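Taking the hints as your guide, dock the two standalone chains into a single complex.
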Amino acid sequence: MSLYQVQKFLYNLNRDEQMQQVFADNKNKVLANYDLTEEEHAALEYGDIGLLYVLGVNGQILMHYAAYLQIEWFDYLQAMRDGVDKHGPVRAGIYAMTGGGKLFARTPRSGKGESFQ
Amino acid sequence: MSLVYAGILSHAPGITGRAHLVDNEPVRDAFYASLEKQRLEIEATGAEALIVIAAEHFANFFMDNMPAYCLGIGDKHKGPIEDSEWLKIAKTEIPGAPDLATRLVNSVMQTVDVAYSEEWQCDHGIMVPLNFLTPGYDLPVIPVNINCQGPPLTPMSRVWQFGEALRKACDEEAEKIAIVGTGGISHWPATPDSGKINETWDRSFLDQLMQQDKDKLLSYVDEEVYAQAGQGGFEIRTLIAAAAAAKGKGDLQFYTAELPIFAVGCTVARFDISA
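Respectively, the protein sequence lines represent chains Y and A.
If you read the first sequence in my numbering, its first letter stands for residue 1, the second for the next number, and so on.
If you read the second sequence in my numbering, its first letter stands for residue 118, the second for the next number, and so on.
Pulled out of the complex, with its shape left as it was, chain A reads as follows (with noise of 0.2 Å):
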């Protein structure tokens, strides 16, 4: 078994963009704690490779050619895009995996049509969250886009069998391979309702994903999500897939709904990956 490590966690922008702008700092501390948390245990099973599943922001992809889901398979990787400043993380190259990321993509298609590419340029979808599980860069990144922004958009059962496949890719390499999903929960980011939690829907769902309840996880509607979470919501196709890797139940070691100002209910798990 080479997949030693599965977990979640969020990666709005405003994490690192807006942390001066939080006036309730002793839950923005106990989020960062949570982090630096799940990157010592990341660390601790000696992980070789990092595969970060997250959404696309259009960082890579336009609608003339857009893929429900893609492997970065280059020497290394860009980020971020956005104006530095504004994200907080300067712009820097981060150390890819190309053997092993065309191994799985090798290992992936055979159930699950895929696309890769080696010009991987990285948001804030995949910057937040390295930006505190490695933040020297200094551990490979395998990046993972699936598509939840432009629709019409891979289906729940899909996505499932996507992160079905990873695992076993994962299991039939010898490196140690960590996994972590990143996406919003219920969120409307970039709209004027930035900020709106469904709290409610958001622990109704990562209830749902600590469970592995796979019925309840794939009966997901876009339509209904949208109205109940937001667009921004539509990225549970990433907490999904990482469940569906992990196989195992999960572990929610923080939540929070009282940071507003980071757009999303901030959100960190743990999988046992053991099954």
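In isolation and in its complexed conformation, chain Y is listed as follows (with noise of 0.2 Å):
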């Protein structure tokens, strides 16, 4: 339920500009409305990314936290790989990391891209 919790902040925070401009002001007065574990509580606080994804957040509400963070897509996947390497395997849901730790999103300059098989 806890993890639910995180999501439901995350996807309102996502899509109301006026809940971004009030938890720019005041994080824990936002966050105080949603029943969260410290853990939870702190990967909000400080926007770590690495670990909300190993916690289980949907990829897609995360994606769009990180975008609203303005954090540039390289970033955004290495602290993804880096919430990995701290914290161990996603805990939930369905965007397990699957590829070793691979990158696979740069386009080699030979033209093809790595295959997946």
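Honestly, the hints are just simulated from the structure, not real lab data.
A portion of the hints provided could be inaccurate.
[As the list claims (entries may be wrong)] Straight line, CA to CA, 27 Å or less: simulated DSS-like cross-link-like pairs of lysine-lysine:
(1) A:205 with A:193
(2) A:208 with Y:27
(3) Y:8 with A:205
(4) A:208 with Y:8
Nothing here was measured: the structure is a model prediction, and the numbers come from that model.
Now the structure itself:
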């Protein structure tokens, strides 16, 4: 249920510019409206993408949140990898890392993308 | 017959947001040219409204109340919800088609239960297609979402029925209507594996889709899709719904797995709707 609360906070934040402004002014006040563990509260207070990913936040919600935080694309991908390195595998949900930490997103200058199989 | 066009296209946010990071510009530009061709084909039909069958990405609904299917019936829609600079699409209002959309809901719900919304917010799943297909936002849009994110998900058999119901609803109306289905095939978006593409799986699925191989399309189950095509593969529902609405075979106009920075096999196709 607690992961549900984390995701609900992010869902609301991602789509509500007024809430974004209030959150920017007073994070703890906004987070107090959600039933969070200390770990979850800290992850949201400090925008810890890696920990939020490992906690199991849905990737679409987390990606929109990273965009709100204006994190550069490759930094965002690395933050998730770092989260797995630090906290272990993704604990819930459907967005587990399955590629062993390999970087797939960059197109080699040779023109051919890295293959899946 | 009021359905004048049916097709599919990709919608990944990188298609607009990370265009500058591509170092395979000829392939990127060929993809963009195919999207422009699709825009011109839709325009040539005289379409008066565009239905976009997309995947819910938590722009409108959360797990407190998640519809399997929803149509946007408002007189306008807002988007994108994402940071504009990140998506490289400015925030805007998109005209809706409230009367037509409400009639479609009334018809579709005779066979498939659907939700509706008068307050639609568009994320990249709809904004990226619109950026290419109606860049001036001058074509009324009826957004449609299928839940592809928050399991349990609607089964493929129901997706097919939904597409058929949407086609029947369109055929009952006088307006000229275009439909596009927009979703990823195999992809692992929003994970560290972003950019991974199972091209073999993609091409097999697309062949079945273009051939209207209903038995194969309805045989997909999420456990196998997840293993071979990632959680992003759940979005094949949007493509299958478009095929069911079209009824006719498809022409795969563009596919490439050589733009991994876009995080998806980039696809454009058109279906025959004469059946």
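Q.
Just to be careful, I want the Cα atoms of residue 208 of chain A and residue 8 of chain Y compared with a cutoff of 27 Å; is the pair within it?
A. Roughly 23 Å between the alpha carbons, so the hint for residue 208 of chain A and residue 8 of chain Y holds.
Q | Pairwise hint evaluation, residue 193 of chain A against residue 205 of chain A, where the allowed Cα distance is 27 Å at most | A | Roughly 21 Å separates the two Cα atoms, so the pair holds.
Q.
Next pair to validate is residue 8 of chain Y with residue 205 of chain A; report whether the Cα-Cα distance is within 27 Å.
A. 26 Å, holds
Q) Regarding the pair residue 208 of chain A and residue 27 of chain Y, is the alpha-carbon distance no greater than 27 Å? A) 25 Å, holds
Every hint, counting from the list given before, is met by this structure.
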